[in-house]
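Peer 1: Residues per chain, in single letters:
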Amino acid sequence: MIEGTKRIDSNRVEVPLGFVDGMRVPGIIYIDSVLERYLEGASVRQVANVATLPGIVRASLAMPDVHTGYGFSIGGVAAFDLQEGIISPGGVGYDIN
Amino acid sequence: MRDLVEVLYREIPSGVGSKGKLRLSKEDEKRIIRKGALWAVENGMGEKEDLDHTESGGVLEGADPAVISDKAYERGAAQQGTLGSGNHFLEIQYVEEIYDEAAASRLGIFPEQVTIMIHTGSRGFGHQVCTDYLEVMERAVRKYGIKLPDRELACAPFNSPEAQDYMAAMKAAANYAWANRQCITHWCREAIMKTLGLSPGDLGLSLIYDVAHNIAKVEEHMVEGRIKSLVVHRKGATRAFPPGHRELPDDYRPVGQPVLIPGDMGRASYLLLGTERAMEETFGSTCHGAGRVLSRHQAIRQAKGRAIWREMEDAGIIVRSAGKKTLAEEMSEAYKDISNVVEVVHNAGISRKVARMRPMGVVKG
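Protein sequence lines correspond, in order, to chains A and B.
Each step along the first sequence adds one to the number in the numbering used here, with nothing skipped, and position 23 is 24.
Each step along the second sequence adds one to the number in the numbering used here, with nothing skipped, and position 2 is 38.
Honestly, the hints are just simulated from the structure, not real lab data.
Here the structure is a predicted model, which means the values were calculated and not measured.
Any given hint could be a false lead.
Under the rule of at most 20 Å between Cα atoms (straight-line distance), these lysine to aspartate or glutamate pairs were calculated in the EDC-like manner [as the list claims (entries may be wrong)]: (1) B:264 / A:85; (2) B:230 / B:39; (3) B:55 / B:106; (4) B:71 / B:100; (5) B:340 / B:350; (6) B:66 / B:168; (7) B:183 / A:82; (8) B:62 / B:106; (9) B:183 / A:85; (10) A:7 / B:317; (11) B:264 / A:82; (12) B:107 / B:198; (13) B:55 / B:110; (14) B:183 / A:37; (15) B:230 / B:83; (16) B:179 / A:85; (17) B:230 / B:42; (18) B:62 / B:168; (19) B:57 / B:47.
If you want the ones that stay clear, here's a sample from chain A, every Cβ over 12 Å from chain B, calculated [as the list claims (entries may be wrong)]: (20) 2; (21) 3; (22) 4; (23) 5; (24) 7; (25) 42; (26) 90.
Facing chain A, from chain B, some residues (calculated, C-beta under 10 Å) [to be verified]: (27) 109; (28) 113; (29) 170; (30) 190; (31) 371.
Glycine included, C-beta positions come from ideal geometry on N, C-alpha and C.
Excised from the complex, chain A in its bound form (with noise of 0.2 Å):
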């Protein structure tokens, strides 16, 4: 278990507001414990990282595939509001499609 993240039930772990500065919203990782042992903290920072951008909605989440990628984790979905929301090519990453 990363410290400071929050197991919800036994398929998902929470990255609860100000497990980074600034948070929006909470952060859910889709994750049962036999991959959560896999876990990397760089990839719990990017989730919690991920969920401090203006206008994201609800929650920063992520897959169990999750790990560690440019700025946003692979295995990550965010989602924006198109008034208050920004874009960000870190959040498709290089191989788009």
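Put chain B on the given structure of chain A with help from the hints.
Peer 2: Coordinates of chain B only, in the frame set by chain A:
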């Protein structure tokens, strides 16, 4: 199988910076950018039915050739219709297990059926688009005074010209990727027909689904009881829309959107379906693959002195690769077990298992 893998390796260009059979002018590339997979079909590579079974019909509206750098055009000119390297692959698989017979049959999947899975994207073209726009965004961050915890999160307000240009360029790359897989699909069909001496009618190689997993899209989602348009970023995540969604083709609407989850080259891949729960919790998204546990570097070190291709052959999988290094980087132990990953998304209800496929032949870049 050995012959088939050899033919596919020969017919589908692969490897780092691989160049294809197509030599495109800038005007050709502009057409591809606007038309996506439709460009390939119009040029005799594939059927209209393929487009029905492709996310967004294989083309996003709003791709703009004017926001693409010369360097991206240069890199894209020879790479259309190529597999590339790294985790990109082409696999001949068979259906090893079915979890939902009714859904599988709706998708045209049955036990022991032979399937082909293709994993590649927009190649150097998309890579250059990302590189170009990261620079644009770094300037935008200063211009709009956005506070970031990590400069790699460089971004711009969605309504700004910088963001709109990136969106138009990213769509261009997405369309390039859809055209790329459509060309490869067509050449696979041709190669298999030729090798096995089959007619197009006997081949029966219809497209189950083509889906993106590194993309940003404007979509409608329910937020606090209201439908809102949002820009959903999926980076190593797959769209997983539920039954009844209007973006699904008629024949799949009763069961939901097919989701392809490639595993590592030695274990398995999965076919899943999108669910209502994904729509409610994850903006209609699920996982995309196994995810690495060893870095490329670590994998190469651990594979030293081993013949990965022979280990795979002993396990009944014929593999052909442009580079020995790729096989080391891509060996099974470098990845998490895909079954563990799929178990989580299935149990969490953000997609559901339909079938598991096992690799028999692998072409790697």
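Peer 1: When the hints from earlier in the document are held up against this structure, which numbers fail?
Peer 2: 14, 26, 27, 28
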